[in-house]
Structures are given as C-alpha cells and as structure tokens.
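What follows is the residue order along each chain.
Number of protein chains: 4
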Amino acid sequence: MIHNPISLQATCEVVVRFKEADPMGVVWHGHYIQYFEDGREAFSKKYDIGYAQASQHGYTLPIVKISCDYKKPLRYGDIALVEATYLESGAAKIDFQYKIFKASDRTLVATGHSTQVFVDQAGALQLLTPAFALQWKKNLGLI
Amino acid sequence: MIHNPISLQATCEVVVRFKEADPMGVVWHGHYIQYFEDGREAFSKKYDIGYAQASQHGYTLPIVKISCDYKKPLRYGDIALVEATYLESGAAKIDFQYKIFKASDRTLVATGHSTQVFVDQAGALQLLTPAFALQWKKNLGLI
Amino acid sequence: MIHNPISLQATCEVVVRFKEADPMGVVWHGHYIQYFEDGREAFSKKYDIGYAQASQHGYTLPIVKISCDYKKPLRYGDIALVEATYLESGAAKIDFQYKIFKASDRTLVATGHSTQVFVDQAGALQLLTPAFALQWKKNLGLI
Amino acid sequence: MIHNPISLQATCEVVVRFKEADPMGVVWHGHYIQYFEDGREAFSKKYDIGYAQASQHGYTLPIVKISCDYKKPLRYGDIALVEATYLESGAAKIDFQYKIFKASDRTLVATGHSTQVFVDQAGALQLLTPAFALQWKKNLGLI
Numbered sequence: 003m004i005h006n007p008i009s010l011q012a013t014c015e016v017v018v019r020f021k022e023a024d025p026m027g028v029v030w031h032g033h034y035i036q037y038f039e040d041g042r043e044a045f046s047k048k049y050d051i052g053y054a055q056a057s058q059h060g061y062t063l064p065i066v067k068i069s070c071d072y073k074k075p076l077r078y079g080d081i082a083l084v085e086a087t088y089l090e091s092g093a094a095k096i097d098f099q100y101k102i103f104k105a106s107d108r109t110l111v112a113t114g115h116s117t118q119v120f121v122d123q124a125g126a127l128q129l130l131t132p133a134f135a136l137q138w139k140k141n142l143g144l145i
Numbered sequence: 003m004i005h006n007p008i009s010l011q012a013t014c015e016v017v018v019r020f021k022e023a024d025p026m027g028v029v030w031h032g033h034y035i036q037y038f039e040d041g042r043e044a045f046s047k048k049y050d051i052g053y054a055q056a057s058q059h060g061y062t063l064p065i066v067k068i069s070c071d072y073k074k075p076l077r078y079g080d081i082a083l084v085e086a087t088y089l090e091s092g093a094a095k096i097d098f099q100y101k102i103f104k105a106s107d108r109t110l111v112a113t114g115h116s117t118q119v120f121v122d123q124a125g126a127l128q129l130l131t132p133a134f135a136l137q138w139k140k141n142l143g144l145i
Numbered sequence: 003m004i005h006n007p008i009s010l011q012a013t014c015e016v017v018v019r020f021k022e023a024d025p026m027g028v029v030w031h032g033h034y035i036q037y038f039e040d041g042r043e044a045f046s047k048k049y050d051i052g053y054a055q056a057s058q059h060g061y062t063l064p065i066v067k068i069s070c071d072y073k074k075p076l077r078y079g080d081i082a083l084v085e086a087t088y089l090e091s092g093a094a095k096i097d098f099q100y101k102i103f104k105a106s107d108r109t110l111v112a113t114g115h116s117t118q119v120f121v122d123q124a125g126a127l128q129l130l131t132p133a134f135a136l137q138w139k140k141n142l143g144l145i
Numbered sequence: 003m004i005h006n007p008i009s010l011q012a013t014c015e016v017v018v019r020f021k022e023a024d025p026m027g028v029v030w031h032g033h034y035i036q037y038f039e040d041g042r043e044a045f046s047k048k049y050d051i052g053y054a055q056a057s058q059h060g061y062t063l064p065i066v067k068i069s070c071d072y073k074k075p076l077r078y079g080d081i082a083l084v085e086a087t088y089l090e091s092g093a094a095k096i097d098f099q100y101k102i103f104k105a106s107d108r109t110l111v112a113t114g115h116s117t118q119v120f121v122d123q124a125g126a127l128q129l130l131t132p133a134f135a136l137q138w139k140k141n142l143g144l145i
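Heads up: the protein sequence lines correspond to chains A, B, C and D, in order. End of the first sequence sits at 145 in my numbering; the numbers just go up one at a time, nothing left out. End of the second sequence sits at 145 in my numbering; the numbers just go up one at a time, nothing left out. End of the third sequence sits at 145 in my numbering; the numbers just go up one at a time, nothing left out. End of the fourth sequence sits at 145 in my numbering; the numbers just go up one at a time, nothing left out.
Possibly wrong hints are sitting among the right ones.
If chains are identical, the list can't say which one is meant, so a pair holds when it fits in one copy or spans any two.
To be verified - Okay, derived cross-link-like pairs now, EDC-like style, lysine to aspartate or glutamate, Cα gap no bigger than 16 angstroms in a straight line: (1) 140 <-> 85; (2) 47 <-> 80; (3) 95 <-> 71; (4) 101 <-> 50; (5) 101 <-> 71; (6) 74 <-> 90; (7) 74 <-> 122; (8) 73 <-> 40; (9) 139 <-> 107; (10) 67 <-> 122; (11) 95 <-> 107; (12) 139 <-> 50; (13) 48 <-> 15; (14) 140 <-> 50.
No lab work stands behind these hints: they were computed from the structure.
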C-alpha cells in the first residue's frame, strides 16, 4: 500500500502597513514573524486547528523555535503572500514551514520555520500529542 | 487652612527604537500612545497605582479616551522624556496629561491626555471610585 | 442652486491579530490608531489621495492631532469594520472622523478623529492647500 | 605568538511593556526579535558600530537570517537582560548570538542568532567587508 505524501498548506495575503516599513523604506525584519503568524492563522481557519482550538481543549501552543531567512525587501503598499505548510513529524509538536512572496511579481522574499509544543493548563509540556490533536491528524489522513 | 495644589508627576526616558521610525524617518504617530503608557508606568511605580495595583483589587483600568497633539518629529536614536501628570477631578476616573520632550534640546514634541475608568471583574463600569483608589488618594493628600 | 452635502467615506475590514490583544484579553488601546490608519488607507485607495500621492507631489501629510474614544473592547479574532469619513473644512489640512464597529454584531466599539497637514520637502508647513490637493477636491466636487 | 580569543559583548535591560504580553499573559514571541535588536543597539553604542555608523559610510546592514529558541516565558513588568555577543567569522557579514535572561532570577528565557550583510547605496550585496568595518575590526583587535 502506497501513501501519497499529504501536504497541508494555507495561504493568505498581508498588506504591508506604512508603519511596518523602517527608515530604510523596507519592512523591518521583525514584522515577518507576524506575517508567519498570519499564515498560521489562515491554516488554522482552513483546517480548524490553532490557538483557539487548542485553548478549547485546555492547551496552549507556545512557539519554542522560530527562524527566518530574508531574501528580498518588502515595502509599504506591497502585498505579501504568506504560505504556511504543515510538516508532520510524529512528535508532540507542530512544525510549519513558511514562504513569503511579493504578490506583484511572485518574488520569494523570505522563508521560515516554526515549532510549537503542547502545554497543558498546569504549564506542563506534553511529551505525547494530546488527544484532540491526534484526532485532528486522523481526520486529515496524516496518521 | 489653605491647601496648596498638589501636582503628582512622573517622568521617564524612552529611547526611540529603529523600527518605531517610519519611511519618512520619523516616529510613526501611533507609537506616542505607547510613550504615554510608559509615562503612566513610571507614575505607577513612583506612586504605587496602576494596572498591577488595580488588578490586585479586582479592577481593570481601561482607557476610554486618548488624544495626542504632535508638535515636532522624533527620530531613531532620539531620547524622549515623557512627563505624566495626574489630574484630580473627584470623579470615578483617572486622568493624565502628557508632555513629551526631546531630551537633547528639551523641545516639546507632543502633548496628550488620557482618561481611564474603573471596571470590576464582572465588567461593570464603576460610578464611584473604588475603595483602594480612594485610599491611595488619601495617602497622597489628594482628597 | 442647492448643493447637497458630499460625504466621502471608505470602509475596510481589519482582522484583530493575536498579538494585538493584551493580558486582559482585549485589544490594547494604542492599536486603534493603526486601525484608523487602515481606514485612511482604504480611503486613499478609493479616492486616490494619501501618503503615496502626496509624496509624488513632494509633500508629506504628518498627523498633527489624533483622538480616540473607546466604547467597547475588541478581542482576538474579531473583525473590525473601520469607517473613515473625510471632513472638508476649507483649511490647509485633512480631517478624518472614524468609527470602528465589531463586524459580528455591528456594535460601535470606538470613534476617533485625526488632523493632517501639508509639509513640503523643506519641512515647511503649508498654510495654503497645495495645488495637487485642490485639484483632488475639485475632481470630487468638494470645492 | 598566541592570541587569546576576544569576545565582544554588550548587555542591556529591557522592561517588558504591557502591550507586549498577549492574552496568554506572556510576551508574544515576535517581540523577542525586538529585544535582540535592543541588544545590538547596546553593542552598537559600546563598540561604535551599527546602523548609524554603517549609514555614515554609505552602507546598510540588513538582517538576512534570524532565529530564536524560546525556553521560558516573560511577563508584563519583567525586566529582560539581553546579551549580544559578536561572532567573528572573517566573512563579509556580521553575526550575533543572543541570550535573554529574566533579571529577577537570571533564568535563561531565550537564545538566538542573527546574520547581517553589507549592502551599498546601489543595493549591491558586498562580497568583501567594507573598509570602515575592517578598520573597526582592526581597532578592536579582531583581525
């Protein structure tokens, strides 16, 4: 039996705000971390998993690792296309890869990666994937 | 018996961050609202009243009105002196006046005003000043 | 001859970001200043006037006064409807009134006002409305 | 002749602002990127190298890579100690390692890394370290 690899991905548009550009005229690098989160939000809505869903089951999903590689600048008025791709690993964590494109010419402007873990209401890191997340993965055919 | 008017005032320094300046090279106007809050924080520490203290007594202090008049620009690297002055009115609210100066030459760069109210844990606006705030005012000789 | 009053207005949707809500769970008050700017941006696109257009003619449009009245909280995930209405005064300035509604139930959550002036490349405040802005007003039947 | 390794390091304090904490009550992860920049700023002042100095010589220092590992949360009112350590590589880039501690108990709350490159006024990436930066390294005994 052959499983085709499943790629879960969501994309959103983010309009670069005036205040997000710095005195050099380009988006300050820290704001890309927000754009990544915007991508996760789009993913969350599309696949019904995220901060809000975890919270309903008594968990938070803190980011424990994030990275960004910057390729090209974005400027005020640009529209960024943020693509968030879920990476299944089997471990008790949620990994996303990100690509940000400039909408006008589809230039790749940045790539990135994030890792989130499951923490319960007592603040304890979960070494096993919580039931609600396992169910979510089953529903989507990931496991 | 004559009471001299009491002016409660606190000042803090805020270093303008690179990302707070916009493509025009000057601090984006919305960030001054943060500088005002920095002034309130300095006041809070100096006089022991603020978000944290209200929270201990079961209240929040939401801002219900804010305004800012911009006189001169601030730039990346400038140090802003934020002066927060408490305005006693007798009503169940907390009013502050703000002045922001550029530290290097004491230019007045902005003035402002904020109004906060007392809201209890049930979300109800308090029409009377809560006991903890009355006590605070008494301690300071305001009433 | 009777002129009907002309009301120039633009509206945009702003999705409240997770990081815009504070430890009280509600949008931090300073972020509304950004939402107002989002409203001005929508206006700028609809009527072809704004930062970018002014810049093309050698002017900046600094905010010299802003105010906000907060009525109800916004929370993470809420969609804010920002309505920016241009107020014609005849003076060398640009005034906007703002209303922010919660999209889900059309509750009015905030109102506000901003004033911008015209500054030339030498940094001089313009006491007369620059030609490009007069032309814009004529085109729209404002004068 | 033996050279002892030279470690250039600067530290600064950052007071966590109310609006930097999210509805979970902890600092939103993206703000750590700002704290890293605050560390670079402290380094810049201590060793006279940074955005402003590069700009005087006709260069910008864009961030091309950043990463952060989150260990423990920071909360409103916490004081973060940000330690920025310069990593000499010989290549035409500027690398920093970061450690963020909670001041109250010296807990390590995050680590990180950034890479900046030299870009000239024409926007060209510099493959060789510009003269002003070489001079700076010589002055500090790095090369």
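>> At most 16 angstroms between CA atoms: does that hold for residue 101 and residue 71 within a copy, between copies, both, or neither?
In response: Within one copy only: 10 angstroms inside, 20 angstroms across.
> When no copy is named, should residue 140 and residue 85 be tagged within, between, both, or neither for a Cα gap of at most 16 angstroms?
Replying inline: Neither. Shortest intra-copy (23 angstroms) and inter-copy (43 angstroms) distances fail the 16 angstroms Cα cut-off.
> For residue 47 vs residue 80, is the C-alpha pair at or below 16 angstroms within one copy, between two copies, both, or neither?
Replying inline: Result: close only across copies, 13 angstroms inter versus 24 angstroms intra.
> Are the CA atoms of residue 74 and residue 90 at most 16 angstroms apart within a copy, between copies, both, or neither?
Replying inline: Neither: 28 angstroms inside a chain and 25 angstroms across chains, both beyond 16 angstroms.
>> With identical chains, the pair residue 101 and residue 50 could be close in the same copy or across copies; at 16 angstroms between alpha carbons, which is it: within, between, both, or neither?
In response: Answer is neither: 21 angstroms inside a copy and 31 angstroms across each miss the 16 angstroms cutoff.
>> For residue 74 and residue 122, with the copy left unspecified, which applies at a CA distance of at most 16 angstroms: within, between, both, or neither?
In response: Between copies only: 15 angstroms across chains, 39 angstroms inside a chain, cut-off 16 angstroms.
>> With identical chains, the pair residue 67 and residue 122 could be close in the same copy or across copies; at 16 angstroms between alpha carbons, which is it: within, between, both, or neither?
In response: Classified as neither; 18 angstroms inside a copy, 32 angstroms across copies.
> What label fits residue 48 with residue 15 when the C-alpha limit is 16 angstroms: within, between, both, or neither?
Replying inline: Within one copy only: 14 angstroms inside, 19 angstroms across.
>> Regarding residue 73 and residue 40, is the shortest C-alpha distance of 16 angstroms or less found within a copy, between copies, in both, or in neither?
In response: neither (19 angstroms within a copy, 23 angstroms between copies)
>> Cα distance capped at 16 angstroms. Does residue 139 pair with residue 107 within a copy, between copies, both, or neither?
In response: This pair counts as neither: shortest intra-copy Cα distance 35 angstroms, inter-copy 34 angstroms.
>> At most 16 angstroms between alpha carbons: which applies to residue 95 and residue 107, within, between, both or neither?
In response: neither (34 angstroms within a copy, 28 angstroms between copies)
> Within a copy, between copies, both or neither: where do residue 139 and residue 50 come within 16 angstroms Cα-Cα?
Replying inline: within (11 angstroms within a copy, 47 angstroms between copies)
Going down the numbered hints, you'll see the structure goes against 1, 4, 6, 8, 9, 10 and 11, while the others check out.
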